[in-house]
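2 protein chains.
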Amino acid sequence: MIHKLVEKIKKTKAPIVVGLDPMLSYVPKQIRQKSFREFGETLEGAADAIWQFNKGIIDCVYDLIPAVKPQIAMYEQFGVEGLKAFQKTVDYCHEKDLIVIGDVKRGDIGSTSSAYAVGHLGKAEVGGSRISVFDEDFATVNPYLGTDGIQPFIDVCKEEKKGLFILVKTSNPSSGEFQDRLVDGRSLYEYVGEKVAEWGAQHMGDAYSYIGAVVGATYPQVGKAMRKAMPKAFILVPGYGAQGGKGADLVHYFNKDGLGAIVNSSRGIIAAYKQEQYAQFTEENYADASRQAVLDMIEDLGSALQKAKQ
Amino acid sequence: MIHKLVEKIKKTKAPIVVGLDPMLSYVPKQIRQKSFREFGETLEGAADAIWQFNKGIIDCVYDLIPAVKPQIAMYEQFGVEGLKAFQKTVDYCHEKDLIVIGDVKRGDIGSTSSAYAVGHLGKAEVGGSRISVFDEDFATVNPYLGTDGIQPFIDVCKEEKKGLFILVKTSNPSSGEFQDRLVDGRSLYEYVGEKVAEWGAQHMGDAYSYIGAVVGATYPQVGKAMRKAMPKAFILVPGYGAQGGKGADLVHYFNKDGLGAIVNSSRGIIAAYKQEQYAQFTEENYADASRQAVLDMIEDLGSALQKAKQ
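Residue numbers (numbering that gives the first Met the number 0), protein chains in the order written: chain R, 0 to 309; chain H, 0 to 309.
Take the hints with a grain of salt, since some may be wrong.
No copy labels: a pair is met if it fits in one copy or bridges any two.
As the list claims (entries may be wrong) - In silico DSS-like cross-links for lysine-lysine, where the CA-CA straight-line distance does not exceed 30 Å:
id	residue 1	residue 2
1	Lys28	Lys273
2	Lys87	Lys122
3	Lys54	Lys223
4	Lys54	Lys122
5	Lys122	Lys273
Keep in mind that the hints were calculated from the coordinates and are not lab data.
Using the sequences and the accompanying hints, generate a full structural model.
Laid out in structure tokens, this is it:
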């Protein structure tokens, strides 16, 4: 799957992932009203609205990008019905040949991490059957529990040729509270990054490992340092756009081969129509606004990477 | 909800939570066969089997204990069908007046943590409706992202009079890898524990805060130290029984009022019938074996706490 990610990035020239994190407030009125008419103002109605919203965006951007990253919390907030919409979204993205990074940030003690790994990346054994479950291609994982919380995910990834992005330095303002604390003279996130490099050596593709890292766009100096510390890890970079990151800040997250990072934008793309810059598309054509936002992001990153080369 | 937890612990004399972490391999053959006959060897069949298994145990132990702790990973591994079984389990435990601690270990950046908080503890806003979703009473939360990953959970807890248990020191063998690292001369988990005490001050009950901590039974010295560091926090203690913790090791997790901790056992209770000690119950009467295991655990903890008083 890391090969496919690299190939698709080369082909699309877009080291970009679209975060499918639908809030009901992003969903255009016409879609909400239709779903509520059909299913009522219920969890089912909410789930239908976010699914229809996603489908519109996917149809408009799938040819431009290698991957999407649905944030499961946005579905889980609507319970079982929301998780059906998550499942539909993953399946539909696969139909469109998109790589799906499940942003699930799971992580627990060994046997429990195994169950999460099965649910998101593996196959459940039920009697004599082995059944794919949510079936994402990559999942994000929280490292707080240490190696034996991570290893079961790696084991399933090896079996299924899938991958992980392990939280190293997150994009939020208080990420430093624990992640930046100095441990033996260097920050905790550096130490976690070093472990990611170690874990990654277990499951290598060609140039890159199947085991990558999350490093937020909002801390460019950290990105630069972590790029060096984990040369074989793909870095998933959240925090572009709405959270403040810009293309020029992100060139050091990439290796000299122009690869090694994939930058996520969620709100900046899926709710683009709400920005002044894309207001001309109107609410009705929200997905066209998203397409334009993707094109602009490709241009922003591409020209930043081009400049950095010179 | 913290009041209810305290009242129920006093009434049952059982500072105990039963971990409803059903693996298919724990489910007696007669239940599995019946579910597979009805639904096939499918995710639906697996989900039905674990739900029927849970129901049997709940019916046999609900009068003895204050609370249960379903581990959502064990349901999530069977996808949407598994999560329906999770929902049924939560609802049924509420019917039996049990407090439900959702062991979900979620945690993300602010807006995403908000969505998780809504899904597990709060109410989703859909048009003009406000709808309870999974509706657990407490949830476990991962602190790696810092305050702004935790605050949205606290905000929902305040609104709903619900609570949290924040991971401080987990019970697994490699928990020390990051959690024990020294930060300014003390371990990271101590620092996290201090933050838990701070966060907890925002949402106090009478003697205890709604915001508690997870400290594993497998590290008794840590339990003793963290008891002092977070005097107002209820401590959820995983790792009793199958993971190695014993009653005598756990007395220092409690305050002098005999309260302040609640000890979880999962496999040791729900799969008790597989242990030599309870083999006489046979697979068919697995839930009676679970009842006996609960009674034995109450006795073990009770006598340890009694001895500690003398």
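(request) Output the numbers, in ascending order, of every earlier hint that fails for this structure. (result) 3
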